[in-house]
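If you want the building blocks of each chain, they are given just below.
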Amino acid sequence: MGWRTLIITKPAKISIANDQLKYAPKDGEVITVPIDDISVIIVEVHQVTITSALMSRLTESNIVLFTCDKTHTPNGVFIPFHQHSRYTQVAHNQIAWSEPLKKRLWQKIVSQKIRNQAKTLEYMGKTKVKQLESYAKSVKSADSTNVESAAARLYFVELFGKFNRKNENDWRNSALNYGYALIRGAISRSLASHGFLPAFGLFHHSTLNAFNLSDDIIEPYRAFVDVVVAEQYENFIELPDTRFLPEHKVELYQLFTMNTVIDGVATTLLNSVEVCVTSLMNVTLEKDVQLLKLPVLVNNDG
Amino acid sequence: MRLFVFFDLPTGTKKERSHATRFRNMLIKNGFTMLQFSVYVRVCKGQDMVSKYLDITMKHLPPKGHIRAMQVTDKQYERMHILIGEETVEEKNVGVQQLLLF
Chain D
1 MGWRTLIITK PAKISIANDQ LKYAPKDGEV ITVPIDDISV IIVEVHQVTI TSALMSRLTE
61 SNIVLFTCDK THTPNGVFIP FHQHSRYTQV AHNQIAWSEP LKKRLWQKIV SQKIRNQAKT
121 LEYMGKTKVK QLESYAKSVK SADSTNVESA AARLYFVELF GKFNRKNEND WRNSALNYGY
181 ALIRGAISRS LASHGFLPAF GLFHHSTLNA FNLSDDIIEP YRAFVDVVVA EQYENFIELP
241 DTRFLPEHKV ELYQLFTMNT VIDGVATTLL NSVEVCVTSL MNVTLEKDVQ LLKLPVLVNN
301 DG
Chain W
1 MRLFVFFDLP TGTKKERSHA TRFRNMLIKN GFTMLQFSVY VRVCKGQDMV SKYLDITMKH
61 LPPKGHIRAM QVTDKQYERM HILIGEETVE EKNVGVQQLL LF
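Top to bottom, those sequences are chains D and W.
Here the numbering used here is used: position 263 in the first sequence is 263, and no number is missing along the way.
Here the numbering used here is used: position 91 in the second sequence is 91, and no number is missing along the way.
No wet-lab data here; the hints were simulated from the structure.
There may be inaccurate statements among the hints.
As the list claims (entries may be wrong) - No farther apart than 27 Å at their CA atoms in a straight line, the calculated lysine-lysine pairs in the DSSO-like style are these:
#1 W/Lys29 to D/Lys22
#2 W/Lys29 to D/Lys10
#3 D/Lys249 to W/Lys14
Remember, predicted model here, so these are calculated numbers, not experimental data.
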């Protein structure tokens with residue numbers, strides 16, 4: 001199981017030599033990293049050459065590789081395919097999810113999402129924590145009363161003040177999208193490696209989206225991104241510049257190693273994704289919603 | 001945690017050289033880097049990983065020679081004095097960092 005995140009920001013060739021990842025920059029020394037230590041690779045620039053042997057080897061160790069667009073935001077993800085030994089069984093079970101099971105799972109996910117949002121507000125020293133916590137308790141099966149959106153309205157205004165999630169010129173939106181994209185990729189990788197079909201979701205069911213299930217699972221993880229961006233916003237508030245700068249991004253790379261608690265055990269965010277997806281597999285086999293384990297946001301300062 | 005492997009292997013005959021090369025290549029393929037000739041080290045996250053790579057090494061031992069393995073903590077490793085020479089490329093750029101920004 002890998003534990004390193006690799007970010008390629010300079011023109012280079014990456015290949016495989018002696019079962020090590022070989023990073024050969026245009027100017028500079030060749031560096032090797034043991035493949036099995038890596039969990040995520042983000043290719044940030046367009047002047048990087050990747051060999052097919054390396055890509056094939058990445059899937060064997062279940063390593064996810066992101067490509068980015070011109071603004072360095074992840075826009076593509078390379079994940080293992082048909083890796084799990086019981087691939088067909090898991091996929092069959094997933095397709096056979098009953099409507100009541102999906103509804104109860106979605107209820108649990110939304111409830112944890114709102115609870116994590118409450119924690120974000122608490123750590124940022126904001127109010128309305130109690131109100132969100134009571135929202136979390138009132139989520140009905142399938143979130144039929146749409147508490148999720150009511151909570152989101154309250155939450156974003158409290159967290160960021162005057163803020164419109166749709167405004168593309170606000171760097172906070174760029175930062176949030178960037179962070180969400182990273183976590184979404186990590187979830188998709190884990191789902192694929194367990195034999196799930198990310199296209200078939202619990203609540204999300206867009207026929208244009210190949211990652212509906214990832215978009216369900218990501219919900220409780222969004223608060224982790226929010227808290228990092230909110231902290232940045234408080235520190236950078238004096239800056240007149242509204243662009244999303246590389247120095248903002250470096251903070252978001254820490255996302256994968258953030259502390260969290262899942263199933264009562266403290267671990268890193270990246271590990272918790274694995275625990276969460278494994279628990280979803282158990283839910284699928286046992287048809288018991290209680291088996292689903294979701295991450296709890298904990299204070300990462302100090 | 002760092003796992004060291006120190007070895008002295010006979011290289012008198014062709015067969016012995018082949019055994020020695022095979023052992024060395026096995027170390028490199030498993031993520032060990034050369035600190036000095038016949039001194040290899042691997043970064044490990046925790047005791048489980050140390051045991052894993054120690055097991056792998058023990059399964060691929062050559063028939064003759066002297067080989068030792070030793071584990072030290074990252075703190076102890078950092079206190080190592082370099083008397084002549086300099087850090088290796090991997091020590092400088094990879095080390096125990098979780099986030100590698102290349």
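Status of each hint after checking the structure:
| no. | hint | in the structure |
| --- | --- | --- |
| 1 | W/Lys29 to D/Lys22 | 12 Å, holds |
| 2 | W/Lys29 to D/Lys10 | 26 Å, holds |
| 3 | D/Lys249 to W/Lys14 | 54 Å, violated |
Hint 3 from the earlier list is the only one contradicted by this structure; the remaining hints agree with it.
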